[in-house]
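**Q** Each chain, letter by letter, is given below.
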Amino acid sequence: MRFVSRVGETIAVKNGAVEGATASTDLGFGLRVLKDGAWGFASSSTPGLEEVLAVADRAVGIAKASALVPGQRAKLAPVEPVEDRWESPYKKDPFDVKLADKLELLLSAEKRVRDGGGGKVMVAQASAGARREEKSFASTEGSYIEQAITECGAGLSAYAVGPGELQRRTYPNGDRELTGCYGWEAVEALDLVGNAERVGQEAAQLLEAKKCPSGPKDIILDTTQMVLQIHESCGHPTELDRVYGTEAGFAGTSFLTTDKLGKFKYGSDKVTIVADATVPHGMGTFKYDDEGVPGQRTVLVDKGTFKNYTTSRETATRLGQKASNGAMRADGWNRMPIIRMTNINLEPGDWTLDEMIKDTKDGVYMEINKSWSIDDKRLNFQFGTEIGWEIKDGALGDMVKSPNYTGITPEFWAGCDAVGDKKHWKLWGTPNCGKGEPMQVAHVGHGSAPTRFRKVRVGVGQ
Amino acid sequence: MTAKERIQEVLEKCLRFASADQTEVVVTGQDTYLTRYATNYIHQNTAETDTQVSVRSVFGKKIGLAQTNALDDASLKRTIEHAERIAKVQPDLLDFLSLPSKDDAGEITAQAVFSDRTAASTAEERARAVGRITALSVKNGFDAAGAFSTAVVRFGIANSLGIRRYTEATRANLSAIVMGPTGSGFAEGLQSDVGKMAVDRVAETAVGKCRDAQNPVAVEPGDYEVILEPAAVADMIQFLAYMGLGALALQEGRSFMSGRIGQKVTGENFTLWDDGTDPAGMAIPFDFEGVRRQKVMLIEKGVAKSVVYDSYTAGREPGKKSTGHALPPAAQIGALPLNLFMKPGDAEVEDLIKATKRGILVTRFHYTNPLHPVLTTITGMTRDGTFLVENGKVKSPIKNMRFTNGILDAFDAIEAIGKRPALVDMFGLGVCSAPAVKLKKFSFTGGTEH
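Heads up: the protein sequence lines correspond to chains A and B, in order.
Under this note's numbering, read the first sequence as residues 1128 to 1589, first letter to last.
Under this note's numbering, read the second sequence as residues 38 to 487, first letter to last.
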């Protein structure tokens, strides 16, 4: 059983006015029951013991209904019972900062975005958000766990409009307020005001920028685009429930079938990818997952070889592993936990960004994801970014608008020949990972440094 | 106390507790059930009961919003205080005029679609329906996956200018993806009355498609004639709506409609409208501000006619009134059409195939996403049944293809339109009624291994 409460606040200003300022509270409880190997789940936002008992009865009834259809039955890997409490660390409680001060910061930054756009930016926005989730977990196996997770962040965006043209530029990384498990100190560290004019300027410049060239090029992806690249082409295909087909009805399955485990060449030897729920301040950081399994670090891809999945107690057993690696997460009180990414990170290499650019003869450098699409086995993808710059003979050249690239996942990662070093490595939050029916939106993290991929098809449909 | 009485009590309490110049309260209650199956067994089975309250407080031209799902008096009072405190510290939203009044909201005669059978449906009934699909799948040696959901949703809206609304609606969705060793098939159903769900038709269609989809061959990317079945057409229409059929996108110059009202934007045989009162869709007769939903012609015979408005966006244009398309209060994207209808034609899908010299038949799209909202360029993959058509006949299944194409370009290239529209879920919020179409040209830009 989980009891979950969330408080949230979002503030968005646009073109000199408040677009939306919202405070929210959401609480309730959910019970997941396993009867004769079949699952039932019921939840309610109505408080009181009477309702808890009614919901428990409903969950058991649903589990009995599930058993009416024959087939696979769940066996759970063991987990040690634990009693614990954990809170994600932060320095400055975002809910203690005065709303008026937040608004002043956002309005000031947003004005500078417009100033930077020189009349070409039709929509300038600044937003900030905070969320605190308190959850209590109890199981019939004897665990009682409390966790409190605080997230915070802010961002800017500029939309420049020209004849038949719309270009977007954002800071720090796309349309998202929440960027990590921090307090208000994360917003202060962003220096929104100091970055605002550049955001407006670059949105306006993109209107006049040339199209991204078409054809095979070497590409260097900034950490902001690596977030999406890792998320879609490694994070999702290594979810073991997806491999077993339980996401087939919605977002699809995975090319990383179990026969490939331990031997499939996922990428070049530069590619080591981990699922790490223990890294500080990640949006996929927690001490226990929603089955009461400790958060941990698991190597998914080791020097290019596919080594492991993110798992649950049920799927770990099915795979023949002794224990879950702790990736079961639910989006609130009213959702059943499913396998979710934690922080899926590309381990750093030993290149600086300057060295990488100098070493590139004919390429494109790309920043911040703008569009994404990938097939139902996570093989064929096409991703677009907000902005790019040509690389010619070892130097950054002209800005290009709407750059995009396409590839087949293992071929693409096989072309990875340079990964940035620790100094260039950065952990980003992704607060909008959709999966499951009913839809669940997870907050996950992705860390990487700028990374180069050889001979990638760019400028599709230009 | 009935659910209706409980929601009405919350609405009136909130208005009593409020001290703002204007206050709006929106209460949505829902009982939702979803049975999820894969590899021919039920792996998730859920129930949820929730009631959410949103309060918009207005002082002059300042607006604050707060939400809660705790319905005790103390929580409601705290939520209203939050909304009012948020409003008071803001600068004026200069182009905000007012929340809609009772007169603005209009008289309502249409009914929401509601079915007692859906409201009373049980987990056992859903499981037995799923069992019919999985049994047919097993019999054919395939794996079936999908979901069967039912929901009762209750909407209560009240504001301090006299609006009082309440309605209840039901919805049932069934999807089936049936997978064989080398290909898959798909079918779905969407009804207000779960008793009308054609479970066996969904099962037989998905299994049949899967059978036909085995052993696909690769074809080269390029421009092809294409036949799009209703799910693929509805996918394009929902992105058209998201990118440009709301007033805010038009006003901000982000819409393909910006500066083009009255101009030709597609072929003459394409007509699209929104009608939230048509019982052929999922009718709910008022929007989230309580304003009567109006039928709005969006594109008529290829000519851009109008976009949809809520009270705020209507107030930004002289003489405009809300068309009854406000989204829930926390949405910051303006009004959107949620009950879309594309005008059907007179052809059967078989006619569209017969008229194709060399083309591709698409069951549905997967993971579609916009590339360029003004040009309406999107990209995505085909999924669950893609076929090569030659000389008027389906020649063979083919491996999935990536497409990159403008939506307006596609609807400018319609050669023929199917006569049997299907109702397709749209972003989980609305619906789209779309027929199959045959296009002269559609660009496929890549392939994949399956």
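Take the hints with a grain of salt, since some may be wrong.
Taking lysine to aspartate or glutamate and the EDC-like style, the derived pairs with C-alpha atoms no more than 16 Å apart in a straight line are [claimed, not checked]:
# : chain 1 : residue 1 : chain 2 : residue 2
1 : B       : Lys98     : A       : Glu1146
2 : B       : Lys436    : B       : Asp249
3 : B       : Lys125    : A       : Glu1146
What the hints contain is simulated information worked out from the structure, not anything from laboratory work.
A quick note: this is a predicted structure, and the numbers were derived from the prediction, not measured.
**Q** Evaluate each hint against the coordinates.
**A** Evaluation of the provided hints:
For the suggested pair lysine 98 of chain B and glutamate 1146 of chain A, the alpha carbons sit about 12 Å apart, so the restraint of at most 16 Å is met. For the hint linking lysine 436 of chain B to aspartate 249 of chain B, the alpha-carbon distance of about 12 Å falls within 16 Å, and the restraint holds. Note on lysine 125 of chain B and glutamate 1146 of chain A: the hinted pairing holds, with a Cα-Cα distance of about 14 Å set against a maximum of 16 Å.
Figure legend: structure checked against the earlier numbered hints; every hint is met.
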